[in-house]
Structures are given as C-alpha cells and as structure tokens.
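Peer 1: Let the hints inform the model, and build the full structure from the sequences given.
2 protein chains.
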Amino acid sequence: MKITPSFHAQHSPMGAHSSFTLGMFGAVGGFALEKGGPAENGTFIGYKTASGKLHYLPFFAEITNDMERYTLDDMKNQTNTVIYGESDIERDYQWATDSFKAPNIDFKITTPFFAIPDPATASLEELKFASCPAVFLSLTLTNDSDEDWEGFFGLQTQKYWSALNGAPGQKGFTSRNELGFVTSDSESQPFCDFTVERALSGEHTQKNFLLGSIAGVHFAVPAGTTKTLEVVVGGYISGNATFNRPTRYAYTNYFSGLQEVFSFAQENLGRYMEEAATRDAELAASPLSEDQKFLIAHATRSYYGSTEWLTDGDRPIWVVNEGEYLMMNTLDLTVDMLFFELRFNPWTVRNVLEFFVENYSYIDEVFSPDDTAKLYPGGISFTHDMGVANTFSPVGYSSYESSGLDRKCFSYMTCEQLTNWVLCAGAYMAKTGDSEFLKKHQPVFIQCLESLLNRDNPDPEKRNGLMNMESSRTKGGGEITTYDSLDHSLGQARNNVYLAGKCWASYLALEQMLNQLDESGLAAEAHQGAVRCADSLEKAFDSTLGFIPAVLEFGNESAIIPAAEALVYPWEMGLKDAVSLDGEFGSYIRMLKRHLENILKPGVCLYDDGGWKLSSSADNSWMSKICLNQYVAREILGIQYDGEERADAAHVQWEVEGSKFYACSDQFASGIPKGSLYYPRIVTNILWMNE
Amino acid sequence: MKITPSFHAQHSPMGAHSSFTLGMFGAVGGFALEKGGPAENGTFIGYKTASGKLHYLPFFAEITNDMERYTLDDMKNQTNTVIYGESDIERDYQWATDSFKAPNIDFKITTPFFAIPDPATASLEELKFASCPAVFLSLTLTNDSDEDWEGFFGLQTQKYWSALNGAPGQKGFTSRNELGFVTSDSESQPFCDFTVERALSGEHTQKNFLLGSIAGVHFAVPAGTTKTLEVVVGGYISGNATFNRPTRYAYTNYFSGLQEVFSFAQENLGRYMEEAATRDAELAASPLSEDQKFLIAHATRSYYGSTEWLTDGDRPIWVVNEGEYLMMNTLDLTVDMLFFELRFNPWTVRNVLEFFVENYSYIDEVFSPDDTAKLYPGGISFTHDMGVANTFSPVGYSSYESSGLDRKCFSYMTCEQLTNWVLCAGAYMAKTGDSEFLKKHQPVFIQCLESLLNRDNPDPEKRNGLMNMESSRTKGGGEITTYDSLDHSLGQARNNVYLAGKCWASYLALEQMLNQLDESGLAAEAHQGAVRCADSLEKAFDSTLGFIPAVLEFGNESAIIPAAEALVYPWEMGLKDAVSLDGEFGSYIRMLKRHLENILKPGVCLYDDGGWKLSSSADNSWMSKICLNQYVAREILGIQYDGEERADAAHVQWEVEGSKFYACSDQFASGIPKGSLYYPRIVTNILWMNE
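Chains as they are written, first to last, in our numbering: chain A, 29 to 719; chain B, 29 to 719.
Calculated from the structure, these hints are not laboratory results.
Beta carbons are placed, not taken as given, at the ideal position from N, Cα and C, and that holds for glycine.
Wrong hints could be hidden among the right ones.
Within a straight-line C-alpha distance of at most 25 Å, the following computed DSS-like cross-link-like pairs (lysine-lysine) qualify [to be verified]:
| no. | chain 1 | residue 1 | chain 2 | residue 2 |
| --- | --- | --- | --- | --- |
| 1 | B | K436 | B | K503 |
| 2 | A | K187 | B | K63 |
| 3 | B | K187 | A | K187 |
| 4 | A | K604 | A | K459 |
| 5 | A | K702 | B | K187 |
| 6 | B | K604 | B | K621 |
| 7 | B | K187 | A | K63 |
| 8 | A | K136 | A | K81 |
| 9 | B | K567 | B | K604 |
| 10 | B | K702 | B | K688 |
| 11 | B | K63 | A | K63 |
| 12 | A | K503 | A | K436 |
| 13 | A | K621 | A | K604 |
| 14 | A | K187 | B | K702 |
Ranges of calculated distance between the beta carbons of each label pair, as one might list FRET restraints [to be verified]:
| no. | chain 1 | residue 1 | chain 2 | residue 2 | range |
| --- | --- | --- | --- | --- | --- |
| 15 | B | V110 | A | D398 | 34 to 44 Å |
| 16 | B | P274 | A | E258 | 23 to 33 Å |
| 17 | B | E673 | A | V110 | 50 to 60 Å |
| 18 | B | P274 | A | G298 | 32 to 42 Å |
| 19 | B | E673 | A | N108 | 35 to 45 Å |
| 20 | B | R674 | A | R97 | 23 to 33 Å |
| 21 | A | N268 | B | R299 | 47 to 57 Å |
| 22 | A | R97 | B | S396 | 26 to 36 Å |
| 23 | A | R97 | B | N626 | 33 to 43 Å |
| 24 | A | R97 | B | V110 | 51 to 61 Å |
| 25 | A | T256 | B | P274 | 31 to 41 Å |
Peer 2: Right, dumping it as structure tokens:
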C-alpha cells in the first residue's frame, strides 16, 4: 500500500528536546522547544509569480492574518493562491532525510544523528559537533516558466521575531533568543510581516516590523533558472534548564548562543550531510521491508525529539522525556529504548542508571495482599521517573507514583522498575564490558537480588519465582506495570506472567554479573530464582485455553503477547542458551512459543487489519512493545504465521493515518492513538536491524 | 443600575508585568506573567462537607480532569457539587481590594499600590517594599452547619507544580520557579492532584504527585467554627527579562527568588494592608459617583498589570506594556497615563522620556503631499514604541511603524509622537520643577520646537499652526494618529484638528520651558506657533455644521470630541489663562466649548446608551480618551448636558459586560471591545480625582 505523504514527523537535533515538526498537510507545526507536541505555527514555503499567483507547500492550517487584532479595517482575502495537496506531492522518508517534491518545489529536511561521544573522554570539538542544536533545510525552486518568480521561506511564531544580529552575510530572525533560522544566501532579503502576501506586496517590506508573526526571506528566481536556498533552523535555551536541580543544556558548554550555533552549523554543513547520508544508506541497505524501514525511521525521529542532554557542572545528565507527558527518564521507557542507546551511545545508559541509584532509588517493605498490615523486609527499587517537564521530583520519589491505589493507573511500579534497572545494567554490561561500572555497583546488584527475592516472598520456602508481594509504598494498594492503562491482564503486576518473564530475565542478568564479580554463591541463588520462575510459568500453561493466562490468579483468562517479551534480554546479553528451545529453560521457551503461536490469531491477539493486539481482553496496544515482541517472535522464537507481513503495513497505517498529527505515537486503540502521543519509545524496533 | 459581580479584573503587583486575573464566573483566569490576557487556569476555592458535597466559588470554566490523558479508564463525574453563581455572590470592588461574598465563603484579593520611590534616592528597604511581586488573598469559611467541613484553596497550571521548598511552616507550590503561592497556616495540608475532589477523597492525597495540574492546601473547618486562610501569590522571573538589551526585573535586586518574595510579603502583610486601606479610603472619600469610582478602580488594576519595572545594571528602566499588544512604552499611551504616573511616581515619566531621547528618537525630513519627492528639513521626533513582548526594537525604530503606508494602521506617527514627548516633558516639569532635567534636555527642547515648526511648514511664511507636512519615514505615505484604527476623522494626522490641538498645547509647553531656560526668543517663537494654531482652528469652525470638522481638507464633515482634548495639558501645567474662556486664547476656547456642546448629542457623538462616541463618522470609541475628554468638558470647559450621568453608567457596562473576560479594555464599537483589550491606558480617569 502506498502511504500518504501527509503526516507529521519530528525533525530534531540530538539532545536538545526540540523539534521542527512538519509533514502533515493543512496543519500547524514548526519549531518548538521542550514541547510535548507539534508547535502551533505555519511554515510558508513557495513562490509568487510575476503575475501575482502564490504557490505554497501545505505546511500551515490556514493563512492567518494577525493584522485584524490591531485594526477594524477589512482584510483583503487571499484570492490568487495555489496550495499543493496530497495528489501533487511525493515524499521520500529516509532515516535522516525527509524530502518533499511538489511541482517546481523541492524541500528537504535533514536531521543528522550519530553516536554521541562520551563526555568523559571525547574532545571538545567532537562534543560540539554532536550537541549543535540545529536542523538543516534545503529548498530548490525550478522556474521552468517564462515569467520571473519570487521565492520565499517563512516561519511563524506566536512570540515575536527580531532580526538576527549575526555574522556578516547572515540573514535570519530569532525569537526571544530561543529559536530562529538563518541563511547566508546572498540574494535573499529578510522580511517580517503579518502574511507572506503582504510582505511580498512591496508596499512596505522591511525586517523591522516586529508585530508580524511571520519572518523569512524572499529571493528572485528569474524565468528559466533554478535556485536553491539553504536554511539552518536552531533552538537554544540558556541558563538553568531544570528546576529543583540546576542543570544546563550540554550545548551551552560549546555555544554561547544561537548566533554561534548558526555559524557552526553552516560551517560544518558538509560533515553533517555526510552523517545523514551514512544513516540513510545504512537503513536502506538493511534487508527489512519498506514498512519496517519506515517504522524505524519514524521511531528514530520521535526518539530524538524527546532527548535532552544536560550538564550539572562537569557532570553530564542524560534525560529522555516521555513524549507528550514530559516525564523525565521514565525507567520503564529506558529499558525499551536501551537497545537504541546501546547501539549509538552506551554511556547514556550508564548515566541514567547511576542517576537512578544516587537520587531515585529507595528501600521499601513488602506485604501480601492477604494481610496488608503485616510488613516484611522488601529491598531496593527505583522510581518510575525523575520528574516532569524539567521539574525534578523530590529525591526518592517519581512525579507519577501515588500511594493508596490498588492496581490502577498512577500506582507504584516497584517490582517492574527493579527489573528494569537490572535488565538495563545487564544489557549495558554485556555490550560494554565496563568493569568499573560493575565493581562500583556491586552492592547495588546484591541489593537488587535480595529485593527481587523478597518481592517473590520473604520466606524462601514459599517462593515460586513470581512477584507475590506488594510494596509498602502502595500503602495497602497494589502495584501496576508499565501497561498502566490496560486492564489487569497487563496492568496488574502481581502474578503477572509478563512481569514474571522480566523477573526471570533479571535473575539471569544478575547471575551473569554476580559471576563476573566472583560472587558465585549469590549468582547461584539468582540462577535458582530463574529456575523457580520458569518452572512456575511453564506449569501455568493452560492447555484448554491453549495459552498461559496473563495473571495467575482469580481465574484470569486473558491472552497476552508480552508473556514472551523478556526473552529479548538474555538474547541481547548473549545468553543464547537460556532462550534456546532446547537449552536449560527449553520447556519454558517452548511453552512460550506454543503460547504465541496459538494467540497470534484474528480475534485473539490480531486486529482485523493484521495489527498486533497485546492483550486479548483489552483494545489498547503499545507500538513500542509490538515492535519488541515482533523481534522476540521472529528472531528468537522463529515464529512465522500466515499474513505476518500485514502486521507491519497495519502498524504503518496506525502511525501515518491514526497519529498523523502527533508524529510517532505509542498507545493505540484499534489503530487510533489514545495516549502516549509524540513518543520516544518506539525505537525498540532498532532491534530489527540485527535480524 | 446594579452591576454584575461577574467580570475579570487584573490583580497585580506594581511593575512585575503580571496579574492574578479573576472575577468572571465560569471562566479561566489565575496568575500569569508577561501575558497580554487572562491566564488559562482554574482557581478552586470552597469546601467539602463531611457528607461529601463540594461547594465552589465559580472561578473556573469547568472542572477539568487531566487524568484522562494518561488512562483510558472512565472518569468519575462530579455529581455532588454546588458552584455558586451571580445570584449568590456579592462583590465589593474598591481601589485596592476586591471582595467576593458567597454563602459561607468570603474571599478577598488585595493589591496594595502606592508611590514607587525613585531608585536614585530611595533606600533599599523602600525599594524592596515597592517591588515585591506579590498579591494577597484571604479566604474565610464560616461553618454554621452541624457537620464538619474541609476547606480548600487550589490553583491550576499547565506547566506543572513542585512543592515549595520554603521557610519552616510555609506550605505552597511553585511552577518552574516562576510563580506560586504560599500559606503559613499551621492547620492546612498541601496537595497536588488532577482535581480537588480526587485530592480530598483521601485515597492518595499527597504533595509529590507532580502530574496533577491543581495544587493547593486543604484544612478542617469543624462544625460551628470560622476559619481564615491567608495566602500570598507571587511571580518571579530571574535573569534576563528582555531581548536585544539585557535587563532584569527590579525585584531581582532585592529578592533572590520566590521564597524570599513569599517570606517578605508575609512578614510585611500589615504594612501592605495599610497601604491598600489608605487607597480604598481615598477613592471612597472622593466626591465622584459610584460609576466613576468603579471606572477609576478598574482602570488602575489594568494599568498595574501592564507595568514592568526593570534595571539595566544600576539604571532603572520603566516600561508600560500595551495591554494585549505588549508593545513597550508606546508613547501615545505614555502621554495619557502621564497624569496617573505624575500623581504617584513622576520619576517613571522622566525615565521613559530620557530613554526615548537616547534610544528611540530620530531626525527625519518632511514633504508635502502635493509633491512627495521633494524633501525639506524636518527635525527630531520619537518612535511609536520601544519594542514588543520584551524584545527591544532596533535603536531609532519602533516595532509598529512601517513605511509606505498612506494614513493606514501601522504608518508613522511622527508628528503626534513629537507632541507627546513635549507634552509629557511639559507636564513633568510643571509637576516636579526638575531643573536638572530641564537643563540637560535644553537642546532637545530647541530641536522639538524646530521640528514642530517644520512639520507645519519649513517656509515660515506658509505656516498656519497645523501639521501640513509628512515625515520622510513614511516614504511618500501619510502619517496617522494614535487613533490608528479609526477613519480619517481621527486617524489621519495631517490637518487634523485633534492633532492640531496637541500642537497648540505643545507650543505652550515649549514656551513655558524655554522661558524657564531663559531662551526668551525661542519661547516667543513657540508662543507665535500657538497663536497661529489657535487662529487657524478658531476660523475653521463651520457654523453651518455647528462644529469644527475633524480634518481641514477634502471637505471632511466629521465631528470629533477630541478636538478639545489637548486643553488638558496647559490646564495641568498650570497655564489656566491659556484655557480660560476669556484669556488670550478665549475665542479658540469658546469655539471648542461651542463645538462640544453641539456634538454631545444622540446620533452625533453620543450612543443610544449615553456613552460617548469619539467621532460622529466611526463606530470606534476609546475609553481612555473618553475619560480624558470628559474631564476636559466638565472641569475645564464647564460643560453640562442633559443625561450626562448616563454616560458613566454606559461606560461601566461596556467594561463589565462588553469586556467581561478581558478586564479593562480601551477600544469599543457600540459597547463591544474590538481591540486594545486588557489595556493600561484608561487611567486617564485619575484626573477625575482632581475635580
């Protein structure tokens, strides 16, 4: 199926929590900083013929005119205007370039991305190159007519423009010193006005009319000529970036302001274009389908839009914001984005893990749901997040988790966050062999094992490998999982087979790391935990149902795909035997394969369009988790089923039609995004590039 | 007529460009910084009975619940809720206090204002007291029932809350360190949640749930008791406040952040309440009507909401923002707000005048509309404004004025701004006798006289006292007046009798100041300018029409009230003889009185409701100018007419019904605000307190 060219995508520098969001036709977008959704502005690109006809790419909702706020005069209406639409435009959506081709207008947005070097060891020049908060635009107008044209490029803001005070030859505008654009095109003239039409009318074109919400440049394209305009768009937040803890954006270490960002980006244009071309080529060369490549490119863009590379003095702080929700380093997202970050910049994973240990870990007690008043020793775990919207939450607390809730959204995720930290650490270690990290956190790994065991049961005699106890932080309530808005099949933590899988994988991760630390006794204890867990799960397979029920209590009969999700961790940690159909855990693995084969069916865990439905009992599917579980099914379990290729096509449609405005989103009900919009987490699909 | 209690009012500290805007029922409002309109949040005040019924003051649009962004669960609807309305609430609207009385709920907002001391001479303690960016709230609940209540006070934000890290005993929240609230009430408990109802449900009340958009405190009000809660609301912007020129808010010199603002405001509560009580008593004691007192109180609140007291190093910079438009120190507003500022803090007038001389003056040439290409010497004038939305415009240019426009909105106001600067200086001198200012700017006064004469005609033989020449800055266009969105009767500058009146008054102001500078020859030249102008105007009275037409060209036949407006300047400068019916200009003054008496009639310059219509030919009336011209008519010209008292009642209705949401606005078409919303300029009515 040919996909529509009309959908928003984030176009973001790395680590600047900003995006030049563009691509949905007839919609607002543009450059925004620290915003959990598209900007609310028009982008005006096109040309005006000598005979007065205006031609636009369709990157605005309507041609607004702020002038009416100031005067009661009737406004002239646009009459002689062509706005290109879906039938006129082709879009080429690569990993780092996004190109639009309309009649006589070519427009390309380039977002180079690459390994962010470790600030502990990299040179200043490398760090400067990686942190530069700029996006690259290129506009080519081909005037094959016999009349002269006036080309234009303009951006709107609600916050007023000011002419750029830049280097010689630079023309552009900034708004509140926070965002702006520049070109060094010698033939173009800057303008600021209420509308492009008014600016090009010649009546009073000037750059000092600061009430105009649209600023840009215009330039001659004589009959029979072709003209290319290169533009850099950038954002810059100076001073404190966060609250309750003073940090700054890393780029402030290398750039004094937007002026320097612009000049550096222009001077290094060639190097940035090379990086983008390399990424484009990598993805193009992979053996994946076009749909799969699309989903990887889309996920990658959404991920970078949420990234925020900060410094607290000399110390780097890596934050990924939670899309529209803006929560900071949500740990149940970190564990999913892990694979992407380990591919490009593993130091960010260590950075986040250590920040959790220092500031966002806590020790709780646990209780059994049978007797909420009786507390037992619990252990270490980690908070759901580190704050929201650049406001760090108090040490030891997330912005999200609330006490007194029994298995409802906003309850604690104590057990799952414990597994998430352990799994991230395990994958990080397997990828990097960072022995300093391993030794430094030896006590934490030991605490994690103890905590994991106590959440099964403080009494060793009663352990079965699953989570049976609730955290005292819930104050008599009940924990949830990352699937917080799903029904109990995936939302409830206790006795959940999805979370049990993560416990199993966590025991294996701890075993591996404790062995590396020569803690063979504890490693063996961890191994026993994994064995207990796999045994319990394997036994829980219900052959009448044909699958393992999601929650092993109260007669639950939901079928969930993520029962097998956690296989990805030992696989990526190199523990291939543990996930082998005929290894030590073979019967557990074979059970999971049988489980998946039986539920990947229409009416159970497949939608009519072939898309994956994570739970048979809830119309609420997470794209990030679908991609992860697809990898587990295909690559680890070797599952194939009829119509498999329809799934990716369906998922593409969910994003480009369902989430047309919010770029790449995560949570869908029957293909319609219902939350987790504009989300970073879908980069789990980077795993596909291993296939 | 009893006015509705439901209308927004700005409640602002002095010089902080911020407002706790509240008062319209069923509407959003709340605290906002640097915003040209009400905030977009709910304010939740009331109590919950033990049996579960919630009672609210109506200061929100609806009881929203952000929770639905996070979960697909059905939300519980509010069921057991009372929201008080117009029939339940009485409002007492004094100069510095605004009180609401609903059943069992008393709520008062206090905004102390007083003379801001001159930073050049005042003590640090005085400056600290004057700059403190805080507003004072008091909530009293009277529980005359036999069940216990839980009282609450909560504010909403779209930008996330964080628990205040305040002094011992302080409870409150801040958002991005920029705004927040505090109470030191020992019995109250802080909360942060999606809704007040959820917070009071007891299920999980806590202050660390940072996703909640509503933060507040709740407190017990046992049966039969009365409880009063004192709250301070404050705003604070640290670091650079403006762009293109680095300045900071003055309060940053005296307070390190919100925490210090809160503590200081609480410690000095008594002194602030005394100032407020003094202002309330002053206005209450004046012999004005209730409608007139209302309009003064309303105008004062809107003025302070637009004020911005900055410092550039040691130098204070006073800015008044232009209401919704956010233009900085618009000079044609300065001349209207002059009387208010001279009453309270004349140093701000000097501050603005000198900033114009240094940064926003320019020298032009002039041309006659007959031959736009032939340029003659012009002279000094001043820009329309200094920038917009804290972005200073380039030196010598306003954000507003555009070339190439012929007597249309956004054209140059060169001649009028020249008169405005001169009239401000003249009034400032008459009020303060500041001889240092006089001497320092002697060359400027001389330049102003030359410029004023050249704008009449560069050829002394051809002068008639009116503006006949256009500025070269219009590039062949035509100048406008402050009435920029009116028809030519008031919008065109050339040969306009409104502007001619200001030229006449400017000549008199220059005469007075040049005499004080012993420049008797130039003073005499200025006097001759005034004589020429008065003569021309007096002769232009059209006895067939019964008034002087607005524009003395092209057979214009509009009648305009502001023909007489400029009489206020010599009057306030103490030049009582100049405006006397039988002084030197007696025949001009008598003509103006005749003019006004003949046009202050229904169908000419009165609306059906008795409100004033500034021009007979345009449905577009400015409240600030109405108030000013009422003063001229009543106090200077001694005009009385039948049904005069209906005017003030009508103007009150325009504001409280017409401009219900935007607090005090300026520009009305038939009682409906059409622009210049949320405006500072209406304080021209401070003049009434001289009557």
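Peer 1: Checking against the hints above, which ones are violated?
Peer 2: 19, 21 and 24
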